[in-house]
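Visitor: One-letter residues, chain by chain:
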Amino acid sequence: MSAHQQGTELDLSWISKIQVNKPAVLRRAEQIQARRPVKKEWQAAWLLKAVTCIDLTTLSGDDTASNVQRLCYKAKYPIREDLLKALNMHDKGITTAAVCVYPARVCDAVKALKAAGCDIPVASVATGFPAGQTHLKTRLEEIRLAVEDGATEIDVVINRTLVLTGQWKALYDEIRQFRKACGEAHLKTILATGELGSLTNVYKASMIAMMAGSDFIKTSTGKETVNATFPVAIVMLRAIRDFFWKTGNKVGFKPAGGIRSAKDSLVWLSLIKEELGDEWMKPELFRIGASTLLADIERQIYHHVTGRYAAYHDLPMS
Amino acid sequence: MAATRTASRAGEIFTTLEYGPAPESHACALAWLDTQDRHLGHYVNGQWLKPEHRSSVPCQDPITGENLASCLQAQSEDVAAAVEAARASLENWSTQPGAFRAQHLTRLAKAIQKHQRLLWTLESLVTGRAVREVRDRDVPLAQQLLQYHAVQAHTQEEALAGWEPMGVIGLILSPTFPFLDMMWRICPALAVGCTVVVLAPPASPTPLLLAQLAGELGPFPGILNVISGPASLGPVLAAQPGVQKVAFCGAIEGGLRLLIQEAVWDETMRRLQERMGRLRCGRGLDGAVDMGARGDAARDLAQRYVREAQSQGAQVFQAGSVPSDSPFFPPTLVSDLPPASPCTQAEVPWPLVVASPFRTAKEALAVANGTPRGGSASVWSERLGQALELAYGLQVGTVWINAHGLRDPAVPTGGCKESGSSWHGGQDGLYEYLRPSGTPAWIPYLSKTLDYDSFGLALPSALPAGPETGPAPPYGLFVGGRFQAPGARSSRPIRDSQGSLLGYVAEGGAKDIRGAVEAAHQAAPGWMSQSPAARAALLWALAAALQRREPNLVSRLERHGVELKVAKVEVELSVKRLRAWGARVQAQGCALQVAELRGPVLRLREPLGVLAIVCPDEWPLLAFVSLLAPALAHGNTVVLVPSGASPIPALEVCQEMAALLPAGLVNVVTGDRDHLTRCLALHQDIQALWYFGSAQGSQFVEWASAGNLKPVWVNRGCPRAWDQEAEGAGPELGLRAAWTKALWLPMGD
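For the record, the sequence lines run as chains B and P. Per the numbering used here, the very first residue in the first sequence carries number 23; after that it's consecutive. Per the numbering used here, the very first residue in the second sequence carries number 76; after that it's consecutive.
I should point out that these hints are in silico values taken from the structure, not numbers from a laboratory. All figures in this text were calculated on a predicted structure; none of them were measured in a lab. Among the hints, erroneous ones may be present.
Each computed EDC-like pair below joins lysine to aspartate or glutamate, with the alpha-carbon atoms no more than 16 Å apart [what the hints assert, rightly or not]:
#, chain 1, residue 1, chain 2, residue 2
1, B, Lys44, P, Asp747
2, B, Lys304, P, Glu87
3, B, Lys39, P, Asp747
4, B, Lys159, B, Asp195
5, B, Lys39, P, Asp824
6, B, Lys202, B, Glu31
7, B, Lys61, P, Glu93
8, B, Lys62, P, Glu93
9, B, Lys39, P, Glu457
10, B, Lys304, P, Glu291
11, B, Lys39, B, Asp264
12, B, Lys114, P, Glu342
13, B, Lys96, B, Asp336
14, B, Lys62, P, Glu87
15, B, Lys44, P, Glu671
16, B, Lys44, P, Asp824
17, B, Lys107, P, Glu87
18, B, Lys268, P, Glu87
19, P, Lys185, P, Asp341
20, B, Lys96, B, Asp318
21, P, Lys586, P, Asp747
22, P, Lys320, P, Glu777
23, B, Lys268, P, Asp341
24, B, Lys285, B, Glu52
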């Protein structure tokens with residue numbers, strides 16, 4: 023991946039006047055789902071693009087070395103070889119964008135990927151994921167340890183308390199420290215939008231996270247009751263665009279949680295295309311955090327290639 | 076494997092990430108056209124009508140130019156046949172219980188639901204509009220309209236007990252949105268028990284399909300009849316015996332005017348261009364297209380406007396380029412037009428947006444209201460106080476705050492000024508097709524001998540007719556709060572029924588009307604901003620004054636030949652009218668709840684502005700007061716012409732008004748009725764005109780008022796029972812005395 027987004031000095035005037043028009047955002051979110059159908063070979067190509075943007079994720083209490091290893095193998099070979107051949111895409115190096123695990127499983131993932139002989143990055147969640155309700159000191163230490171273990175991307179959660187109480191300066195300072203603790207690793211900041219109370223807060227938190235130097239902003243942990251929704255995404259994407267217009271810095275976007283169907287992934291891609299443009303439709307600037315999505319995409323590609331719907335045992339599990 | 080051919084492209088698309096075609100299958104639309112052998116006639120009385128020896132026009136795909144079908148063009152006989160069918164089914168349909176009509180409308184809604192794909196592909200195919208627009212908006216709205224009006228037919232029966240259906244309604248559709256236009260109007264008409272004849276523009280099959288769906292429901296095939304033909308058949312339709320009303324849909328969704336405050340101009344323009352740059356133009360039947368085409372004429376119109384604007388120094392931003400020979404025109408943003416250039420004054424064609432800056436909200440309001448159009452507008456501001464102030468001030472039928480283009484069957488949609496004076500949807504929409512029970516049906520009578528050029532033109536000269544007998548009436552025109560000498564400096568004698576002279580009244584003329592209208596305009600802002608309670612208080616004070624003056628008024632009426640008993644009743648009723656309207660004014664406007672929106676829609680009743688009233692000859696005091704009271708109660712300022720034969724009681728009231736009312740609120744001009752009517756009807760700055768007089772005068776008023784499309788209310792020479800509650804103080808007067816504005820307030824943080 024390229025160099026980091028350096029962020030900017032804190033400028034509260036960028037967020038002080040912001041007011042999000044919720045009904046309009048809801049309407050736009052509804053429209054976007056119906057207005058850009060992608061069909062036939064376009065659909066197959068777009069789905070493969072979606073595969074390359076997936077952060078293949080397992081974040082469970084019962085994760086062990088063996089299922090992490092299986093996940094890593096699937097990340098390397100996300101789509102059955104014969105299907106890719108049929109699309110003439112077998113030599114395009116199609117893998118998922120990253121694998122995403124808990125800090126304690128980073129070693130397993132790094133080892134498994136090394137064994138598979140590929141350089142897919144390992145992303146680790148950190149900073150008291152998912153609630154973030156631990157001391158700052160341990161949160162920072164968590165980042166450092168994950169980086170030491172070989173994670174090159176760190177998905178941190180922000181302190182929701184600071185957002186809900188309007189302590190933007192403190193939020194900026196915390197994320198700045200996360201940034202520093204990451205060193206060379208990429209910083210992906212999870213806003214946990216389901217717990218921020220309003221779309222206006224989502225915009226403000228997005229802007230603060232970007233000013234503090236996040237490489238990506240991410241919707242949610244997948245553990246909140248409300249996860250990646252289109253209205254939230256629109257607000258975050260507009261914030262990314264505003265930040266780009268103000269600074270020239272491109273910040274990536276990662277929706278996570280509840281994205282399960284191939285059709286959903288197409289809508290997410292078209293949303294990125296409509297709001298930010300083609301240059302954001304690549305793994306450097308767009309990720310989908312998902313665990314079961316890949317299976318559905320593979321089924322759809324199977325159907326596109328063969329004209330039949332696959333049985334579950336036709337495709338390897340992750 | 077199936078995909079070997081397509082496989083080669085996947086790699087390319089993987090890199091470019093372009094959108095592909097997403098065509099909606101329109102096979103069902105073609106199959107439906109095939110059932111008519113690609114030859115469409117009219118749909119009358121539940122049957123296809125394909126008379127011989129008629130010309131036909133081709134129905135073409137506006138994008139490919141492909142011939143889809145040929146459509147027969149109606150002639151007078153076909154119009155007559157359709158009206159006859161509607162007339163024959165009227166009695167049966169209108170006497171059905173509301174619940175029964177509700178059931179029928181619900182069945183039609185279900186029929187639409189079952190065949191929606193056919194409807195949306197056919198409409199998109201023949202109009203070239205984006206299918207998502209028809210599919211996601213028009214068709215669901217059509218169903219909602221039917222369901223809403225089914226409920227109205229069911230529930231409003233009691234509330235509308237004093238009203239009856241008008242009868243056969245003629246409907247002339249515009250070529251732009253024939254399908255939706257038709258639904259907005261036929262639903263209320265059918266719900267209240269009217270039957271309909273629709274004149275669809277040449278080559279628009281969707282209304283025919285809709286009629287077929289309705290006809291195939293079985294019973295009542297004649298309630299909805301559709302014929303296609305040129306708009307020039309309109310007068311033929313209007314002249315058919317039995318046709319009670321002709322609704323004309325000129326609604327063409329044109330381009331937009333955008334006013335942007337200077338402080339946020341750059342930012343807004345940038346965002347606008349960014350968004351417009353992502354709009355996709357293309358074949359309407361493509362599901363991934365935002366904007367279709369509207370045919371060559373619309374494109375050429377847009378082209379001309381853009382060229383003209385450029386030559387006047389405007390900046391033009393066009394999103395994407397389209398080949399000049401294609402039927403498409405890209406969404407276009409025009410800015411920096413000099414304020415005085417002809418383009419700034421002209422109507423903006425589709426699909427253009429003309430943006431101009433403003434400094435203050437007050438200035439924006441003045442610019443927005445400074446056009447003859449008054450359809451709809453939206454206000455975008457995060458300051459609710461400011462947004463509401465603008466929304467209340469805008470002279471348009473619909474205002475959306477921080478939203479645009481929302482519609483709901485429960486919300487009355489209409490306009491003011493040249494955007495028309497009728498409403499669709501909600502309660503207001505129902506009244507468009509009702510008349511108070513007992514009022515006579517309208518007879519299509521147009522006198523061929525009426526000479527519009529000379530009607531009321533000459534002012535007969537009145538000579539002195541001897542000395543006045545008895546007490547002299549107040550003399551002068553009551554304008555601007557005081558009695559003034561007429562511009563002509565002459566007078567006309569008023570005689571009683573025996574012919575003896577009662578006195579002289581001032582002879583008003585064109586200049587006096589001009590002065591009176593000016594005075595009324597000056598008083599308008601003050602009166603409009605009065606609270607309902609303040610208006611009520613004033614009406615009650617006037618009532619009290621009339622009561623005090625009762626002996627005086629009774630004797631004036633007696634001298635005009637009114638019996639003592641009747642005169643007493645007349646004064647008593649007049650007092651009652653003022654009190655009643657004063658009380659009613661308190662309860663106006665309400666909040667509506669609609670399905671598609673979180674938040675209320677406010678239904679506001681807005682004053683018309685300056686209302687001119689020509690009073691009838693009969694009931695000289697009661698009719699005068701009965702017309703004046705609702706007008707004032709609803710916040711209008713008024714120019715009145717009192718009874719021609721007996722103007723003196725009205726002048727007597729003026730003496731009280733001089734002391735009580737703000738100057739200019741009520742202006743009373745006496746003189747020759749025809750002449751004054753002519754002056755009023757031809758005045759462009761009067762917002763509405765009520766005329767109670769001869770059939771000829773009514774005809775003239777309707778003809779002349781077309782100049783600024785002001786709403787008129789005429790009696791066509793039929794007398795009215797002013798002493799009866801229904802006709803003298805019924806809800807009809809209140810409906811006529813104000814217009815409805817819908818104000819959408821979405822909520823959410």
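Visitor: Are the Cα atoms of Lys114/B and Glu342/P separated by 16 Å or less?
Guide: 41 Å, violated
Visitor: Would the pair Lys39/B and Asp747/P pass a check requiring their Cα atoms to be no farther apart than 16 Å?
Guide: Outside the cut-off at roughly 63 Å; violated.
Visitor: Would the pair Lys44/B and Glu671/P pass a check requiring their Cα atoms to be no farther apart than 16 Å?
Guide: 14 Å, holds
Visitor: Quickly compare the C-alpha distance for Lys268/B and Asp341/P to 16 Å and report which way the hint goes.
Guide: OK: Lys268/B and Asp341/P at ~14 Å, within 16 Å.
Visitor: Does the structure keep Lys62/B and Glu93/P at a Cα separation of 16 Å or less?
Guide: Status holds; Cα separation ~13 Å.
Visitor: Take the C-alpha atoms of Lys61/B and Glu93/P, compute the straight-line distance between them, and say whether it is at most 16 Å.
Guide: Satisfied, since the Cα-Cα distance of roughly 11 Å is no more than 16 Å.
Visitor: What's the verdict on Lys39/B and Glu457/P, does the C-alpha distance respect the 16 Å limit or exceed it?
Guide: Given that 16 Å is the threshold and the Cα spacing comes to 10 Å, the pair holds.
Visitor: Starting from Lys159/B, check that the Cα of Asp195/B is at most 16 Å away, please.
Guide: 13 Å, holds
Visitor: Lys285/B and Glu52/B: Cα distance at most 16 Å?
Guide: Status holds; Cα separation ~15 Å.
Visitor: With a cut-off of 16 Å on the C-alpha distance, tell me whether Lys320/P and Glu777/P pass.
Guide: 14 Å, holds
Visitor: Would you mind confirming whether the straight-line C-alpha gap from Lys39/B to Asp824/P stays at or under 16 Å?
Guide: 14 Å, holds
Visitor: Lys304/B and Glu87/P: Cα distance at most 16 Å?
Guide: 15 Å, holds
In summary, the numbered hints that this structure violates are 1, 3, 10, 12, 18, 19.
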